[in-house]
Amino acid sequence: QVHLVGSGGGLVQAGGSLRLSCAASGVRFTINYMGWYRQAPGKQRELVATITMRGITNYADSVKGRFTISRDNAKTTVYLQMNSLKPEDTAVYYCNVNTWGGGSSDYWGQGTQVTVSS
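Position 118, counted from 1, in the sequence shown is what my numbering calls 118; the numbers after and before it change by one each time, with no gaps.
These are computed hints drawn from the structure, not numbers from a lab. There could be a bad hint or two in this list.
[Unchecked claim] Computed list of lysine to aspartate or glutamate pairs in EDC-like fashion (alpha-carbon distance at most 16 angstroms, straight line):
#1 K43 with E88
#2 K64 with E88
#3 K86 with D61
#4 K64 with E46
Using the sequences and the hints, build the whole thing.
Okay, structure coming up:
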C-alpha cells in the first residue's frame, strides 16, 4: 500500500519562505510523476507543480518564479520550496504520486496547512 507522508507547512508572513517535503513508500509500480496540489477554502483543488522521474517540471502560472519543485536521488521524496509567499498561497497542500501499472493511479498525502499572513 502506498503511503505519502508530508511535512513542512505552517504560518509565515507575506514575503517569507517555507519548504514542504513528502516521502513516498510502498510504491510498487512505475512512478510517472510526483507533485503538489493545493486547495483553498471554498475552492477546487488545483495543480501547483509536478516533476517527472526524468526531472521535467511543470508549474501553475501563479507560482512560476517563486516556487521550486525537486526530488531526491532515490526519487521517493519530493520537495516544494516556496519563496515570496503571498496571502493567496494560503491553502492545504497535498502531495501526489501518479503511477502506471496497467493503468494510471493517483495517490495522495494527508495534506499540510500553509497560511500566509499579510
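So, going through the hints one by one against the coordinates:
| no. | hint | in the structure |
| --- | --- | --- |
| 1 | K43 with E88 | holds (12 angstroms) |
| 2 | K64 with E88 | holds (14 angstroms) |
| 3 | K86 with D61 | holds (14 angstroms) |
| 4 | K64 with E46 | holds (14 angstroms) |
Comparing the model with each earlier hint shows no violations; every hint is respected.
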